[in-house]
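J.: So the protein sequences, as listed, match chains A, B and C. So the first sequence is numbered by numbering that gives the first Met the number 0: it starts at 0 and just counts up by one. So the second sequence is numbered by numbering that gives the first Met the number 0: it starts at 0 and just counts up by one. So the third sequence is numbered by numbering that gives the first Met the number 0: it starts at 0 and just counts up by one.
Hints are computed from structural coordinates only; laboratory data are not their basis. Each hint can be trusted.
If several chains are the same, the list does not tell them apart, and a pair holds so long as it fits within one copy or across any two.
Derived SDA-like pairs (lysine to any residue); straight-line CA-CA distance at most 25 Å: (1) K181 - V83; (2) K181 - E122; (3) K27 - V40; (4) K181 - D213.
None of the values given here were measured: they were computed from a predicted structure.
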Amino acid sequence: MTIERLLATDDLPDGTVRALLDRAAELKQRPGAGDELAGRVLGLVFMNPSLRTRASFEVAMLRHGGHAITIEPGRGVWGFETRVGVTMDGDAAEHVFEAAGVLGRYVDALGVRAFAAGESWAEAREDRVIRQFAERAGVPLVNMESARRHPCQGLADALTLRERLGEPAGRRFVLAWAWHPKPLPTAVPVSASIAAARLGMEVVIARPPGWDLDPDDMAAIGSVAARAGGSVQVTDDLDEAVAGAHAVYAKSWGRLDLFGRPEEEAAARAGLRDWRITAERMERTAGGRGAFLHCLPVRRNVVVDDAVLDGPWSAVLDQAENRLHVQRAVLLAMLGGDGP
Amino acid sequence: MTIERLLATDDLPDGTVRALLDRAAELKQRPGAGDELAGRVLGLVFMNPSLRTRASFEVAMLRHGGHAITIEPGRGVWGFETRVGVTMDGDAAEHVFEAAGVLGRYVDALGVRAFAAGESWAEAREDRVIRQFAERAGVPLVNMESARRHPCQGLADALTLRERLGEPAGRRFVLAWAWHPKPLPTAVPVSASIAAARLGMEVVIARPPGWDLDPDDMAAIGSVAARAGGSVQVTDDLDEAVAGAHAVYAKSWGRLDLFGRPEEEAAARAGLRDWRITAERMERTAGGRGAFLHCLPVRRNVVVDDAVLDGPWSAVLDQAENRLHVQRAVLLAMLGGDGP
Amino acid sequence: MTIERLLATDDLPDGTVRALLDRAAELKQRPGAGDELAGRVLGLVFMNPSLRTRASFEVAMLRHGGHAITIEPGRGVWGFETRVGVTMDGDAAEHVFEAAGVLGRYVDALGVRAFAAGESWAEAREDRVIRQFAERAGVPLVNMESARRHPCQGLADALTLRERLGEPAGRRFVLAWAWHPKPLPTAVPVSASIAAARLGMEVVIARPPGWDLDPDDMAAIGSVAARAGGSVQVTDDLDEAVAGAHAVYAKSWGRLDLFGRPEEEAAARAGLRDWRITAERMERTAGGRGAFLHCLPVRRNVVVDDAVLDGPWSAVLDQAENRLHVQRAVLLAMLGGDGP
Numbered sequence: 000m001t002i003e004r005l006l007a008t009d010d011l012p013d014g015t016v017r018a019l020l021d022r023a024a025e026l027k028q029r030p031g032a033g034d035e036l037a038g039r040v041l042g043l044v045f046m047n048p049s050l051r052t053r054a055s056f057e058v059a060m061l062r063h064g065g066h067a068i069t070i071e072p073g074r075g076v077w078g079f080e081t082r083v084g085v086t087m088d089g090d091a092a093e094h095v096f097e098a099a100g101v102l103g104r105y106v107d108a109l110g111v112r113a114f115a116a117g118e119s120w121a122e123a124r125e126d127r128v129i130r131q132f133a134e135r136a137g138v139p140l141v142n143m144e145s146a147r148r149h150p151c152q153g154l155a156d157a158l159t160l161r162e163r164l165g166e167p168a169g170r171r172f173v174l175a176w177a178w179h180p181k182p183l184p185t186a187v188p189v190s191a192s193i194a195a196a197r198l199g200m201e202v203v204i205a206r207p208p209g210w211d212l213d214p215d216d217m218a219a220i221g222s223v224a225a226r227a228g229g230s231v232q233v234t235d236d237l238d239e240a241v242a243g244a245h246a247v248y249a250k251s252w253g254r255l256d257l258f259g260r261p262e263e264e265a266a267a268r269a270g271l272r273d274w275r276i277t278a279e280r281m282e283r284t285a286g287g288r289g290a291f292l293h294c295l296p297v298r299r300n301v302v303v304d305d306a307v308l309d310g311p312w313s314a315v316l317d318q319a320e321n322r323l324h325v326q327r328a329v330l331l332a333m334l335g336g337d338g339p
Numbered sequence: 000m001t002i003e004r005l006l007a008t009d010d011l012p013d014g015t016v017r018a019l020l021d022r023a024a025e026l027k028q029r030p031g032a033g034d035e036l037a038g039r040v041l042g043l044v045f046m047n048p049s050l051r052t053r054a055s056f057e058v059a060m061l062r063h064g065g066h067a068i069t070i071e072p073g074r075g076v077w078g079f080e081t082r083v084g085v086t087m088d089g090d091a092a093e094h095v096f097e098a099a100g101v102l103g104r105y106v107d108a109l110g111v112r113a114f115a116a117g118e119s120w121a122e123a124r125e126d127r128v129i130r131q132f133a134e135r136a137g138v139p140l141v142n143m144e145s146a147r148r149h150p151c152q153g154l155a156d157a158l159t160l161r162e163r164l165g166e167p168a169g170r171r172f173v174l175a176w177a178w179h180p181k182p183l184p185t186a187v188p189v190s191a192s193i194a195a196a197r198l199g200m201e202v203v204i205a206r207p208p209g210w211d212l213d214p215d216d217m218a219a220i221g222s223v224a225a226r227a228g229g230s231v232q233v234t235d236d237l238d239e240a241v242a243g244a245h246a247v248y249a250k251s252w253g254r255l256d257l258f259g260r261p262e263e264e265a266a267a268r269a270g271l272r273d274w275r276i277t278a279e280r281m282e283r284t285a286g287g288r289g290a291f292l293h294c295l296p297v298r299r300n301v302v303v304d305d306a307v308l309d310g311p312w313s314a315v316l317d318q319a320e321n322r323l324h325v326q327r328a329v330l331l332a333m334l335g336g337d338g339p
Numbered sequence: 000m001t002i003e004r005l006l007a008t009d010d011l012p013d014g015t016v017r018a019l020l021d022r023a024a025e026l027k028q029r030p031g032a033g034d035e036l037a038g039r040v041l042g043l044v045f046m047n048p049s050l051r052t053r054a055s056f057e058v059a060m061l062r063h064g065g066h067a068i069t070i071e072p073g074r075g076v077w078g079f080e081t082r083v084g085v086t087m088d089g090d091a092a093e094h095v096f097e098a099a100g101v102l103g104r105y106v107d108a109l110g111v112r113a114f115a116a117g118e119s120w121a122e123a124r125e126d127r128v129i130r131q132f133a134e135r136a137g138v139p140l141v142n143m144e145s146a147r148r149h150p151c152q153g154l155a156d157a158l159t160l161r162e163r164l165g166e167p168a169g170r171r172f173v174l175a176w177a178w179h180p181k182p183l184p185t186a187v188p189v190s191a192s193i194a195a196a197r198l199g200m201e202v203v204i205a206r207p208p209g210w211d212l213d214p215d216d217m218a219a220i221g222s223v224a225a226r227a228g229g230s231v232q233v234t235d236d237l238d239e240a241v242a243g244a245h246a247v248y249a250k251s252w253g254r255l256d257l258f259g260r261p262e263e264e265a266a267a268r269a270g271l272r273d274w275r276i277t278a279e280r281m282e283r284t285a286g287g288r289g290a291f292l293h294c295l296p297v298r299r300n301v302v303v304d305d306a307v308l309d310g311p312w313s314a315v316l317d318q319a320e321n322r323l324h325v326q327r328a329v330l331l332a333m334l335g336g337d338g339p
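Could you build all of it, start to finish, from the sequences and the hints given here?
T.: Next comes the structure, spelled out in structure tokens:
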């Protein structure tokens with residue numbers, strides 16, 4: 000299995016996703032790994048902060064004898080321009096075109112994180128930074144979370160669902176919108192839903208009216224679900240959604256029609272603090288033992304109660320650990336000559 | 000010798016400290032070391048800035064074939080919540096519980112730096128961040144300076160005292176409070192005093208009235224001293240203290256009863272700028288050749304004069320170098336199968 | 000070939016520069032390199048931000064089995080004092096004397112970046128930070144850009160000129176000042192001119208009246224040119240300069256007589272926005288095919304037009320890549336036992 004570019008898991012054939020998950024599960028049994036990536040260098044570019052992603056990619060390379068270098072533009076390094084044809088007399092001192100071209104000359108592969116940015120969702124949804132990087136870098140590239148997708152999170156979510164549920168096909172997966180003090184990106188809820196859909200699960204997206212995901216992303220989830228024999232539904236009744244669910248994935252995101260207008264978004268959100276996963280809600284899942292998932296970081300007692308995170312339902316540390324193992328599988332497929 | 004956790008040297012048996020110091024001295028003779036830590040990854044978490052600690056831990060791992068990854072919450076990464084049971088709708092987006100749990104899944108051991116923080120010393124002295132990390136990480140952990148202790152500095156201080164004095168037992172060690180424009184933490188003066196006490200030295204703490212160390216920490220120093228046949232005294236006469244001293248350890252720290260009230264502390268401190276180590280004071284040490292120690296960074300001509308730092312008394316670069324060697328010994332005892 | 004210290008290429012014998020360039024060209028053919036630097040650690044100290052320099056030095060070490068650690072004072076680490084004899088009761092908590100001395104105890108060699116700083120060019124031109132580091136570190140040191148020189152950039156520029164021009168001697172090299180919203184340092188234009196002069200090129204410095212380089216630096220360029228059989232001229236006619244040129248090196252820099260007075264400098268600069276490299280200007284170079292060089296980061300359509308950067312003239316990515324290869328050559332000569 001060889002991967003040249005990982006921008007979104009929905010780009011990948013089902014067989015490739017299955018193979019990556021199998022490989023990740025196998026690698027998880029071998030923590031002290033090998034030297035398949037000896038001499039290989041992965042460049043990690045973070046336009047936004049990171050704990051899990053940075054640590055898990057760095058460790059993934061080290062466990063196989065390789066190394067990662069980390070670039071954090073706008074902290075130690077100047078921010079990047081992404082507009083095409085612009086006269087760069089503002090703040091940005093470098094265009095992504097040059098940054099990507101240069102880094103591609105130094106490293107064997109790149110990881111790039113660039114959250115949604117811009118004045119409107121119409122602009123942000125173009126995912127310009129990651130697309131320009133992919134276009135200009137000239138080396139394999141992995142998306143470490145863009146405006147639209149977080150494929151490594153989706154793969155880790157899928158591995159966790161397989162671990163917890165055995166055979167997830169036909170089981171109910173609830174993506175549960177949660178109140179949060181800030182409008183957050185939609186890359187994770189979309190990627191998690193694609194992951195569950197690909198496993199053939201019954202995907203239920205519970206969110207307040209108005210907090211719909213991008214229609215193209217909904218279509219992508221639906222298309223993956225259709226291929227895998229699953230389904231996608233949307234509801235505004237969280238309590239009904241979690242009843243009998245096998246997995247509850249809590250996640251907040253901002254209203255896309257109020258993107259870039261955080262004060263209006265906050266006003267619309269007021270009164271929705273009950274969109275929170277409590278022990279009572281988890282008790283109503285299948286057998287009272289549904290799995291609780293979240294990509295982390297998570298605000299305790301805001302998105303989910305202490306009792307859930309510290310209780311038997313929580314799979315959040317497994318999810319985070321699985322980031323490491325799916326990324327090991329991805330990097331071996333990109334750089335390690337994993338064949339065929 | 001195996002170490003699972005290094006929060007404070009006063010937790011360690013005397014024999015373990017002696018063995019660590021012997022091992023560090025031996026490692027110092029072998030700069031290009033080996034591959035005892037090949038494949039091992041140390042995670043370094045800095046809630047506060049660092050030069051020596053970060054560089055010396057990273058190099059310590061590299062010298063033995065291992066690697067360190069560095070996490071700086073609040074810079075590239077969101078700050079951490081430490082309160083238990085709180086509703087996290089403020090600034091912090093992640094609780095230490097998750098951060099520690101996740102990092103423990105990625106790395107073989109963790110180092111954590113978290114200075115005193117909070118509104119009062121009563122709160123800060125609980126050392127919540129490092130204790131929560133130790134509780135939740137599930138891997139060996141080393142304190143890289145907390146509110147109460149800086150054990151690696153203490154070990155480096157002990158090694159330096161042994162190098163300079165041969166047999167330190169019975170010699171006089173002066174911890175000399177110094178004026179400084181800001182109130183600094185007490186972890187270093189406490190840890191250095193414990194180190195000297197453990198070597199059986201006559202420990203003299205010279206500080207202005209009011210700048211007393213925490214009573215529990217004084218008790219810890221006293222208890223170590225009693226076991227080692229040394230002693231602890233407190234004085235407010237710096238000149239008398241340094242007369243005949245074999246080692247003078249300059250260090251500023253803030254008044255604990257004014258913790259969290261920096262303006263009042265500054266007012267109380269006004270007029271104490273003569274609490275500074277000068278060449279004249281060093282000339283009055285034993286044989287005019289007492290050792291001058293400081294953990295660095297140091298403010299020249301504020302805490303100590305140029306003439307001392309650039310003169311024959313100064314052991315500060317040896318102390319800093321010894322950080323590297325004691326940490327090599329600690330990490331080999333934690334991760335390298337150094338036994339028994 | 001052994002190098003103990005690389006502060007400026009004009010300090011190096013012509014033969015050493017030639018040998019470094021030959022070695023870099025040879026290393027460029029061997030991307031996955033070897034273990035000549037196994038067990039060696041390079042410390043990188045950045046007082047100013049960096050993308051290319053940090054990434055290329057880190058990768059240079061990794062490609063030969065070594066490692067780099069990165070220190071960014073003033074970000075994770077306190078800023079450094081550089082004045083001698085000062086009472087350090089201001090912001091800086093550490094003097095370069097201690098920082099250099101300590102880091103020299105941890106690593107096998109140091110790289111230091113410290114741009115021009117201070118109230119006047121008279122002060123900045125002393126290059127105190129890098130000189131104090133060199134004096135106190137006690138290990139080999141490489142300048143990663145100081146107020147006066149950027150030797151690794153100069154070496155990369157020279158390698159690029161050799162690649163593009165075959166035999167550069169006697170060809171025309173134009174250093175073309177460009178308008179830029181901020182006053183930038185002169186280390187790059189000086190180092191690039193020294194590089195071209197050393198290749199025996201006809202160096203033409205095109206800049207508006209008033210934007211002269213430091214007289215001592217002009218003398219250094221002239222002296223290298225004289226030795227190599229080249230020449231140096233200064234003009235204020237950019238169009239005439241580029242006509243028939245074989246290489247055009249665009250670079251902005253600030254007026255030295257207005258150093259530290261950015262508003263006055265900006266006022267003097269107003270009206271000079273036509274000092275920009277356009278496709279029309281590149282069409283007038285030798286055969287319409289002159290090479291375009293820039294050290295990056297570059298502001299598109301401010302310093303140079305999109306059509307040039309994305310056209311056949313541009314050598315900027317080669318230049319950036321060559322940073323990696325010349326630094327591999329430098330590091331092998333410093334740390335790898337490259338002989339004789």
